[in-house]
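Taken in order, these protein sequences are the chains called Y and G. Note that the numbering used here numbers the first sequence so that position 155 is 155, with each residue one more than the last. Take any residue in the second sequence, note its place counting from 1, add 1000, and you have its number in the numbering used here.
Calculated from the structure, these hints are not laboratory results. Note that the coordinates shown come from a computational prediction; the quantities given were computed from them, not determined experimentally. C-beta atoms are modelled at their ideal positions from N, C-alpha and C, and glycine is treated no differently. It cannot be assumed that every hint is accurate.
[Said to hold, decoys possible] A few chain G positions that, by computed beta-carbon distances, are all more than 12 Å from chain Y: (1) L1103; (2) A1209; (3) S1231.
[Unchecked claim] Which stretches of chain G does chain Y cover? Using the computed rule of at least three CB atoms under 8 Å from a CB of chain Y, they are: (4) 1018 to 1028; (5) 1148 to 1156; (6) 1178 to 1187.
[Said to hold, decoys possible] Derived list of chain Y stretches under chain G, where covered just means 3 residues or more per stretch with a C-beta under 8 Å from a C-beta of chain G: (7) 132 to 146; (8) 244 to 256; (9) 267 to 274.
Each chain, letter by letter, is given below.
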Amino acid sequence: MPGPKRFGGRLWRDPRGRIGLLLLAVVAAAALLAPLVSPVDPDAQRDVVATRFLAPLTTDLHGVVHPLGTDRLGRDVWARLVYGARVSLTVGLLGMAVSLVLGVVVGSLAAAGPRSLAVLLLGATDFALGLPRVVLLLLLAALWKPSAVLVVVVLGLTGWMPVARLVYAEMRSQLARPYVEAATTLGAHPARVLFRHALPNALAPVLALATLGVGNAITLEAGLSFLGLGVQPPAASWGTMIASGRDTVVNAPWVGLAPGIALVLVVVGCTLVADAVSEQ
Amino acid sequence: MARSILRGLLRGAAVVFGVVTLTFLLLHLAPGDPVQRLLGPAATLEQLEAGRHTLGLDRPLPEQYAAWLGRAVRGDFGASIAQGRPAAVLLAEAWPATALLILLSLVLSWLFGILVGTVQANTRRRGLDTTTSALAVALNAMPSYWLGLALVMVFTYQLRWLPAFGAAGVDAEFLSGGARLVDRLRHLALPLLTLSLIGIGGAARFSRAAMRAVRDSPYLVAARARGLPQSEVVVRHQLRSALVPIVTLLGLSLPAVFSGAVFVEAIFGWPGVGQLLVQAVQARDYPVVMAAATVSAVLVVTGNLLAEFLTGVVDPRVRHAGA
């Protein structure tokens, strides 16, 4: 694998990588700079009757402009969108990070460890891969008190298997190469060979998979919140926003459309970056 | 072949058993229980104790698990705590609706997905390839619960063409055979369209990659050089070998399609396993959750086995490897 700098440069030269990175950067910037991007408080309800269901770009009687309109409680949709992005992106990234760590550990151990350990770990991976992820998510989220932390843990615990498989396959092929033998001959500790030499070389396809996984995790998080099992109202999250838009499809379609479009943009961004990474 | 099928069956049974055990543990280790939900916050401690006793929830966990397993093997999943009807009956009513939805959407997704992917892989017009690829990425990125909502917005409220809820109209009982079928199809349209559009996006992306991977192979160049018409080269030679990875992925995509179906059923009130599961989990209806988890695991495992079997049918190397 080339250095991170050259890797990034090539990613940027691929039009898909460029568009994807830009999409993700815009959403991430909006989430990080939420108070600057939207001066309105996402949970502020003033005069509910006078300010609810305002169409996009209207100015309410307090003189506040609502770029994406307001919802049933008169809350600003744009403000909720950018604050909701914080929740969605954090949960998605952390969930995938948990999966990534678990997957890399299981995959590397299976590739480098003794044969019996490999059989055991790969068997467990295959087994976990066969479990219906949504059923587990539903159960865990519905049975325990719903919270963002729980969703992260559940996403992490149900998403590591593809990573483990890929890491295993990549590591096996890396460990068979001459440079590994060279490093071992020079007296490098097995752990050093594994993590400093083999793993970085196996990382590109894993990175692609992880990027895709982030998009997936964000969609699932929003889905759980949509069913009322994830982030709890009144906290803004894209899933709860889509759910509340469901009842106002007729008189205020923007309430549900806006978070959905944001979600699609993020997932498209992840897909494009993943495509570009996997072809490096 | 027979041996690999047997191995697949054993592995499938292990997965189903694992799902069931995990579901049981999660249900019983989680705080809160169905008796509380059923009797409400005003129930006294004695009433709660009595309720737990009648449902057998006060016995030790291993004993409850063994009892459940013993009855489930004989097809007895107990009675729904919330509805009083046997869980097996509820599931028997629900699973055909889910199977129909998933099966039809898989067929539509892959039919159109392979078609689009084939055109993309072989066209010389880069603009067409880029536009359709972008469209496929966007479709595949859409969450089912949101796309469903958007379709309802257009087809139910704007155009007033299609119903957005349930599997049949309230007057379905009184319709004649033909009209009843039309009614069913109209109710099926939006849930099916939602799942299929997302599926087409994914299937097209994968088919394009699979078709491109073999596009410049020497044997295709040879087929063209022998003067075979383009259509025959594509269908009989290119598609034939691209079909192997496609069928493998079809099986692997099944859990994802089922996930999509869970959300789609919840939005459209489609009376399937997904909707039943969501309702039962929220009501802590233990017997129904257990039965629904069992059925969904069996559905997914069966689909994977079928795909494995189909891979053997389309790929002679796999077919003869086990012998």
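Do the hints match the structure? See the list:
1. L1103: Non-interface label on G:L1103 holds, nearest chain Y Cβ at 17 Å vs cutoff 12 Å.
2. A1209: 10 Å, violated
3. S1231: Holds: least Cβ distance 29 Å, greater than 12 Å.
4. 1018 to 1028: holds (count 6)
5. 1148 to 1156: holds (count 4)
6. 1178 to 1187: violated (count 0)
7. 132 to 146: Check passed, 12 qualifying residues.
8. 244 to 256: holds (count 6)
9. 267 to 274: Since three or more residues must qualify, the claim that chain G covers the segment 267 to 274 of chain Y holds, with 4 doing so at under 8 Å.
Of the hints listed earlier, those the structure fails to meet are numbers 2 and 6, in rising order.
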